[in-house]
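Number of protein chains: 4
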Amino acid sequence: MAQLLEAIYDEIRPLLGQGKVADYIPALASVSPHQFGLAICDVNGEVTSIGDASTPFSIQSISKVFNLVLAINHYGETMWERVGREPSGLPFNSLVQLEYENGIPRNPFINAGALVISDMNESRFASPHIGMRDFVRRLACNGEVVANKTVADSEFEHRARNAAMAYLMKAYGNFENDVDDVLHSYFHNCAIEMSCEDLARATNFLANKGYSVCADEQVLTADQNRQVNALLATSGMYDEAGSFAFEVGLPGKSGVGGGIIAVVPQQFSICVFSPALNKVGNSLLGVAALTSLSKRIGWSVY
Amino acid sequence: MAQLLEAIYDEIRPLLGQGKVADYIPALASVSPHQFGLAICDVNGEVTSIGDASTPFSIQSISKVFNLVLAINHYGETMWERVGREPSGLPFNSLVQLEYENGIPRNPFINAGALVISDMNESRFASPHIGMRDFVRRLACNGEVVANKTVADSEFEHRARNAAMAYLMKAYGNFENDVDDVLHSYFHNCAIEMSCEDLARATNFLANKGYSVCADEQVLTADQNRQVNALLATSGMYDEAGSFAFEVGLPGKSGVGGGIIAVVPQQFSICVFSPALNKVGNSLLGVAALTSLSKRIGWSVY
Amino acid sequence: MAQLLEAIYDEIRPLLGQGKVADYIPALASVSPHQFGLAICDVNGEVTSIGDASTPFSIQSISKVFNLVLAINHYGETMWERVGREPSGLPFNSLVQLEYENGIPRNPFINAGALVISDMNESRFASPHIGMRDFVRRLACNGEVVANKTVADSEFEHRARNAAMAYLMKAYGNFENDVDDVLHSYFHNCAIEMSCEDLARATNFLANKGYSVCADEQVLTADQNRQVNALLATSGMYDEAGSFAFEVGLPGKSGVGGGIIAVVPQQFSICVFSPALNKVGNSLLGVAALTSLSKRIGWSVY
Amino acid sequence: MAQLLEAIYDEIRPLLGQGKVADYIPALASVSPHQFGLAICDVNGEVTSIGDASTPFSIQSISKVFNLVLAINHYGETMWERVGREPSGLPFNSLVQLEYENGIPRNPFINAGALVISDMNESRFASPHIGMRDFVRRLACNGEVVANKTVADSEFEHRARNAAMAYLMKAYGNFENDVDDVLHSYFHNCAIEMSCEDLARATNFLANKGYSVCADEQVLTADQNRQVNALLATSGMYDEAGSFAFEVGLPGKSGVGGGIIAVVPQQFSICVFSPALNKVGNSLLGVAALTSLSKRIGWSVY
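Chain order of the listed sequences is A, B, C and D. The numbering used here numbers the first residue of the first sequence as 282 and each following residue consecutively. The numbering used here numbers the first residue of the second sequence as 282 and each following residue consecutively. The numbering used here numbers the first residue of the third sequence as 282 and each following residue consecutively. The numbering used here numbers the first residue of the fourth sequence as 282 and each following residue consecutively.
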């Protein structure tokens, strides 16, 4: 495994310098693009890694996975009345489809979907971002995980488009709490910082029928776990979910901080990190590394 | 396996009578809704079946799979300049997205995508529907497979929406041949009649790394085969591709004739048939049978 | 003129009871639908009226006209960089077009357009709703005109969709002030209460080359006045601007409070009021009365 | 009047060379852009003109006006079940709105609307383009008016987008005749060649309460005439109907051949011609000339 990671590292390194770091908030724009880390965690919790795999980065939309799991735990099947399970076919932050479909977001991984799920968790938890933080710490075996307040505040300041989505859902009766309150929680979760090693551990339950070795906890039932992986496979990678399935063939979720997590069911959880993004907002080197990894070992689920 | 199929048959039978047979052309509207067949083919070509599994039916959009394979064989990677690989998020026969995306259909399984692929095959074959018929006969080990000319002619007569799509693509320079010629081939392929057993055999290569036992032929490379399965998983089931992944977790393709094929990679190809359709146009009992099958054996790829 | 109004009153009265009072906020829902008033003001400021023409009602979107005039006065041609002058072809509160056109609203009379203009006036006035109130009082020769605070507060509470629009424009850089501040001003202006007689006087400058007899003030230049009337003619009547031009042929603006103002250039300003609305949100009896009026005297500008 | 036209000619001439001749078919692309003609016809039929006002050009979409009048004559109010009367807010050849609104085009002047009207006239006339040609000859007092067959054939060859629209309407049950037959008639009408003087005469009834001096014929009732002018005012100028109302303030209709007709109700019909088009497809010098004309005399209807 260590050899495999080195081979991939050598193959991918020449791409450093391509792509563009997210720059819609200053705190993310200042991240050095010359970073690359990769960690793989097997179902016994054993982690192999290479490069900047222990460097914490902003997990951003990867937090949507944890957000979704918390909502499934609490609301079960009923939550699907408020959010769909279909790929969207439109950019992750579009309001067009949301209007045509009367305020029901297409799936939990476009922004509108994640916001409605944050709204559910806001209703559930006394202190939503403490609930999330503790959950993630348990899953990652790392009690030090924290959110970056500067990032969270800066995202809140630039909240206009997400606020527009939340208000539009409120207009359709699909948003319970105060919009600004939910946005605070949402951005706080996006601003959590974790390393590849943290995230490979924290998402390992997805490769392990819902059981987290770190937390020694059945996070999801085996059925629910398959369902979450199915959602990741059809909707986890923004506008390139289809290409990612085509080239990589694994359930995955990316964030604009440059991280991508991927799942080889019953075998491995993977996290790759490199901040420069491709045109649709996924880590350019991350996608390349996962493509190489999948091709080399035939890990595609299909 | 035979026992499993019987258990499913018993579970599903009470649903007979629900749903609605496709009625946009008389030839399909007259099919009896009280039919149900299921066939499973393992990678050695062994078929187990139950119910009306040897009754031929109109394969309709399932032909898009064979259509795509023929185009991949001939055009390889270059074909993806003319058709995308992303889920569509809009009904299978919508022109809206086609206009916004300048005549490049989202994927090979919405109608516009299948039409552009038919256009490719029209350019390639001297006699496109003979090319298709012979291909399908080889894959199914059945030299009797034919298209129903009445159905094909009736579809051509009601071609308006498909003609609109083809002309819109032509307006964007993404259609080479005469629209009516391609529509004739396209409808002819849709009107091919096969039974569940035929289709389970004919799609068995998808479960067998691209190798067809019947034809003794490597139909696709193992890589291409994974890619076709990935496309089926993200886009094969009309507007419920996401729900189907969530509930069933297998690459699949449905047709308005009431057939659905599904793939358990490296293990089985499955075909189920029942003509009454659910709201999005997939066989109601077919989806129910595959859901039950997947749940009972944990066949989800995720 | 008095005879004409009586004839119209007799013709229209049987329609009382048709249509539906706006009910998205309680304060409007409680208005009695059995009201009808009509006032006509000639260019000397002479008013003829009938029915409930001196009953104050919520002017709602008719305030967009005054809002626009204040912005033209202050910003002149430069304001058209932030809002268009084309009919929209979509419902007045749709976000779809706003997203496709990058946050530039189609015209000043759809909600998004009125909000961006409120944002302009928010930047200009120390106390925007006092600025508006005083302006309207002058134009109407009525120092008693006030806004209904209950209505304004209730609209603010139900602000979700308008807030969504404002935030979406902010996301595109087309909104300067705090969203809630502007919404407060906007709803305050909508909640102004005036009678048909007040409004016929207050909009008389539109029929008088921009000169207000009441205020003894050139409110707009003759050129600007023609332009405002042109905008009213192409975009003033929500989704039935075209039908209204076809049937009535006069520049006009309606509000969900049941008022409609219309302009016979160089001759008359008209205001009609009846709270029950037709399907697109215009006063049902109001449209009928103006149709009758226009047909009887051949007042269409076309 | 002659002096006025000279003043405008002098003002406009420096713009020659700006804009771009329509080039989607060779026959139009070869037209010299250095042409400008203007003709004004008063309600007695007296024509004043300047520049290339007697040069025939391809009337293109101006034919939609005659097409509409023929349909009104035959079908009266019932025709509005098949075509709307609202501005579209989308490009003249878009299929998006047509799909969202189930195959009912927004108005008679977008392409889809003109096609459905051509379909009506196809059902009515034994020989539709002879019917049109004779009608136009009568209105223009010019028995020599003919269509350019090369242009018509070339348009038919490039019919893809218009064919897509027609088939989409057929799919919604809003198209009776064979698509290619109607397209032949439609393009034939677009390919009619007339001069500014011809068109000023031929559209003079629009300025004359529906009465044509040339034909000595009440072409439309006074009411219908106002309605046609209203439609021209709200929808006649492609995507700049609103700006044209704002700047010029007259009912008008443009064609990609470079012609624009405009109406001063009860006073004049105007035709201007200059082949180079602005970004939305209206004659660049034509719009400039009409703006100048309207400003100089205060001819805006508003």
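For the record, the hints were derived by calculation from the structure and aren't laboratory data. Each hint should be verified, as a subset may be incorrect.
Note that the list lumps identical chains together, so a pair holds whenever it fits in one copy or between two copies.
Computed cross-link-like contacts, DSBU-like style, restricted to lysine-lysine with a CA-CA straight-line distance of at most 35 angstroms [claimed, not checked]:
id: 1; residue 1: Lys430; residue 2: Lys301
id: 2; residue 1: Lys430; residue 2: Lys490
id: 3; residue 1: Lys560; residue 2: Lys301
id: 4; residue 1: Lys576; residue 2: Lys560
id: 5; residue 1: Lys560; residue 2: Lys430
id: 6; residue 1: Lys576; residue 2: Lys301
id: 7; residue 1: Lys430; residue 2: Lys576
id: 8; residue 1: Lys490; residue 2: Lys560
id: 9; residue 1: Lys490; residue 2: Lys576
Verification of the hints:
Taking the shortest Cα distances, Lys430 and Lys301 sit within 35 angstroms of each other inside one copy (23 angstroms), while across copies they are farther apart (50 angstroms). Taking the shortest alpha-carbon separations for Lys430 and Lys490, only the intra-copy value of 34 angstroms comes in at or below 35 angstroms, while the best inter-copy value is 49 angstroms. Taking the shortest alpha-carbon separations for Lys560 and Lys301, both the intra-copy value of 8 angstroms and the inter-copy value of 33 angstroms come in at or below 35 angstroms. Taking the closest pair of Cα atoms, Lys576 and Lys560 come within 35 angstroms of each other only inside a single copy of the chain (23 angstroms); across copies the shortest separation is 38 angstroms, beyond that limit.
In this assembly of identical chains, the alpha carbons of Lys560 and Lys430 lie at most 35 angstroms apart only when taken from the same copy (28 angstroms versus 47 angstroms across copies). For the identical chains of this complex, Lys576 and Lys301 are intra-copy neighbours only, at 25 angstroms inside a copy versus 43 angstroms across copies, given an alpha-carbon limit of 35 angstroms. Neither within a single protomer nor between protomers do Lys430 and Lys576 lie at most 35 angstroms apart by alpha-carbon distance, with minima of 39 angstroms and 44 angstroms respectively. In this assembly of identical chains, the alpha carbons of Lys490 and Lys560 lie at most 35 angstroms apart whether taken from the same copy (33 angstroms) or from different copies (32 angstroms).
Taking the shortest alpha-carbon separations for Lys490 and Lys576, both the intra-copy value of 24 angstroms and the inter-copy value of 14 angstroms come in at or below 35 angstroms.
Consistency with the previously given hints fails for number 7 only.
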